[in-house]
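There are 2 protein chains.
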Amino acid sequence: MSRLKTIEWAGNAVRIVDQTCLPAKLCYEDITTVEVMFEAIRALRVRGAPAIGIAAGFGMYLAVREFPETGSVRDFLTLFEKNIDYLAGARPTAVNLSWALQRVKTRIAGLAEKETSASLKRAVFDEAQAMLEEDRASGRAIGEHGFGLLKDCETILTHCNAGGLATAEFGTALAPVYVAAERNKKLHVYSDETRPLLQGSRITAFELKAAGIPVTVLCDNAAASLLRKKTVDAVIVGADRIASNGDVANKIGTYGLALAARAAQVPFYVAAPLSTFDPSLATGNEIPIEERDDAEVTCGFGRRTAPEGVDVYNPAFDVTPHDLVTALITEKGVLRPPYGEAIRKALQG
Amino acid sequence: MSRLKTIEWAGNAVRIVDQTCLPAKLCYEDITTVEVMFEAIRALRVRGAPAIGIAAGFGMYLAVREFPETGSVRDFLTLFEKNIDYLAGARPTAVNLSWALQRVKTRIAGLAEKETSASLKRAVFDEAQAMLEEDRASGRAIGEHGFGLLKDCETILTHCNAGGLATAEFGTALAPVYVAAERNKKLHVYSDETRPLLQGSRITAFELKAAGIPVTVLCDNAAASLLRKKTVDAVIVGADRIASNGDVANKIGTYGLALAARAAQVPFYVAAPLSTFDPSLATGNEIPIEERDDAEVTCGFGRRTAPEGVDVYNPAFDVTPHDLVTALITEKGVLRPPYGEAIRKALQG
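Just so you know, the protein sequences line up as chains A and B, in that order. When you line the first sequence up against our numbering, it's residues 22 to 370, in that order. When you line the second sequence up against our numbering, it's residues 22 to 370, in that order.
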């Protein structure tokens, strides 16, 4: 049993875990063209903001690697730009996708004047590989800091998938669990199934089971009474965006979970890299909340579960006010209230 | 558009709404034999504690109605007893089933000495019909008292199905909504889908839509953030058992919803007939909580949604402590804290 490698360079191809097969089976897919990478991102075969960014980086390498060694820099850049635009359209709303493409673009822009097309090609690969390694390092650092917080815990509860399958390897909320396992401390993880898309039961349970970590799945609505029974030592979740005051946007259901943790006097931790913090937002009230397709709720399992034509409320995220958050776990350490000051310092340092 | 008749006597048969067809279609089934009634209860074609009790009562009439008018009382009683035992096995854990059978039995025991088999047969029918009518009357009374509480509300939120389809017609939590509709006040109802069995999206949404009442379905985990937005004026749910101190056992997820209502300062009402109160229990801690089959969580939609062999926590109910309950709505009126005294008086009066 070991941690899954969500995405990696496998000599001649990008190897991904095809997440649409989970939990029925574990399929790896070797991707050798940018067109197949586009489709893998679009169809959620690779998902999770950090993983999508890395996939886009390697996708750019796949797009240019057949460019002739003797070709001109100008022709290289034409091909490069065309594919930047192409990949950006795979999931137009995924911020990390455009962030990663921008990063590759900036790297190439800084080199183009004085380089050959061969060295530019290499630079695209190196940038993708760098993003992957930075993500791993950031995950490990979050894991180490989080492990410090959880070292007296035996049982934790998480929501959605903020694990290795959303990133290159360690994840955010699950990173401390993996670090603990390396040190022969097996935390028992309760995983909310996380309606409507069931990332908790499909993906979190799968990756923990694959890593030999004990995991129990429950419906989201059973978490509050589980916490009330005092059988969970801590709640730990990821984040999609964190405002300057520490308000946290994360997968729908996180706020209710934070209320239940507070009522049971169980610590509520949020694990996220500093790239998740948005200093342009004063509070969580300013974070836009995406509402998604009705069909995720009314026939999300291939069968109709609500009457035809019924109205649906299906927000993808909610906002947990900072006063319900015990600590924020970042790659630069654990941030405690008052969050305004702690976040400012972490982002500056 | 009108309220559905969950169960009624249709001249020569018991007509039920077959709830296993919901929400795809509305099917009525005319049941003419006790064997088919047994199977309808066992397979959840008729469900909800009060409705099951009524179904069992009419099932007993179906069992004896072909008994010859000239037959002996002794032979009648043999047939009667055999079928009491038979029906009790349809869902051995449903308290209302044995309660209803006991009630029919007591009625017959009080008569047997001096009656003919023809009049005993009639008494079985009358008792079933009486249970149905009492349930309707109790639902209407709960509806009237609840309407008084909700008369300034525009939008309410409910969980699971404590509507007409769990009873003869009005339901408990939804009874005030139906009474309001009769008076041309259309409350907008948010209905939690209620994992794992989705009674909220399959059944509550269906019966409200059929009655022309506006309804919006949401995943259970979206209720807390909806409440935080202050767009809901009250939460109203049913109950499976209420202890002497007002602690409420109800469908899993009710406790988390009560916490979210409290955080948003939204009133949290519980509607239930007095037969739901259990004076033998001092607090909710003594209420046994049924844990159900893993498969409801891991493949409840005909498709596997969690890895094979994963552990599952699947309690069917939770307990909401009385201090989170704003009021209890019964057929004898609205009970307010301190509940110990209010409940004692209502049960005595």
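No lab work stands behind these hints: they were computed from the structure. Any given hint could be a false lead.
One copy or any two copies: either way a pair holds, since identical chains are not told apart in the list.
Claimed, not checked - Subject to a maximum C-alpha distance of 16 Å in a straight line, what follows is the list of computed EDC-like cross-link-like pairs (lysine to aspartate or glutamate): (1) Lys-250 / Glu-307; (2) Lys-46 / Glu-329; (3) Lys-206 / Asp-344; (4) Lys-250 / Glu-312; (5) Lys-103 / Glu-56; (6) Lys-230 / Glu-329; (7) Lys-366 / Asp-106; (8) Lys-172 / Asp-254; (9) Lys-353 / Asp-147; (10) Lys-230 / Glu-102; (11) Lys-103 / Glu-87; (12) Lys-230 / Asp-332; (13) Lys-46 / Glu-154; (14) Lys-366 / Glu-90.
These are the hints, each one checked on the structure:
In the homo-oligomer, the alpha carbons of Lys-250 and Glu-307 lie at most 16 Å apart only across protomers (13 Å), although the nearest pairing inside one protomer, at 35 Å, exceeds that limit. For the homomeric pair Lys-46 and Glu-329, the shortest alpha-carbon distance between copies (10 Å) is at most 16 Å, but the shortest distance inside one copy (32 Å) is not. When the C-alpha separation of Lys-206 and Asp-344 is checked against a cutoff of 16 Å, the pair qualifies neither within a copy, at 30 Å, nor between copies, at 39 Å. In this assembly of identical chains, Lys-250 and Glu-312 lie within 16 Å of each other by CA distance solely across copies; the values are 15 Å between and 33 Å within a copy.
Taking the closest pair of Cα atoms, Lys-103 and Glu-56 come within 16 Å of each other only inside a single copy of the chain (12 Å); across copies the shortest separation is 70 Å, beyond that limit. Proximity of Lys-230 and Glu-329 under a CA criterion of 16 Å is satisfied inter-copy only: 10 Å between copies versus 37 Å inside one chain copy. In this homomeric assembly, Lys-366 and Asp-106 never come within 16 Å of each other (Cα to Cα): the closest approach is 35 Å inside a single copy and 73 Å across copies. Taking CA atoms no more than 16 Å apart as the test, Lys-172 paired with Asp-254 passes inside one copy only; the shortest distance there is 11 Å, against 43 Å between copies.
Proximity of Lys-353 and Asp-147 under a CA criterion of 16 Å is satisfied in neither setting, with 24 Å inside one chain copy and 75 Å between copies. Taking the shortest alpha-carbon separations for Lys-230 and Glu-102, neither the intra-copy value of 41 Å nor the inter-copy value of 52 Å comes in at or below 16 Å. Taking the closest pair of Cα atoms, Lys-103 and Glu-87 come within 16 Å of each other only inside a single copy of the chain (15 Å); across copies the shortest separation is 82 Å, beyond that limit. When the C-alpha separation of Lys-230 and Asp-332 is checked against a cutoff of 16 Å, the pair qualifies only between copies, where the shortest distance is 10 Å, while the shortest distance within a copy is 37 Å.
Taking CA atoms no more than 16 Å apart as the test, Lys-46 paired with Glu-154 passes in neither setting, with 27 Å inside one copy and 53 Å between copies. In this homomeric assembly, Lys-366 and Glu-90 never come within 16 Å of each other (Cα to Cα): the closest approach is 46 Å inside a single copy and 91 Å across copies.
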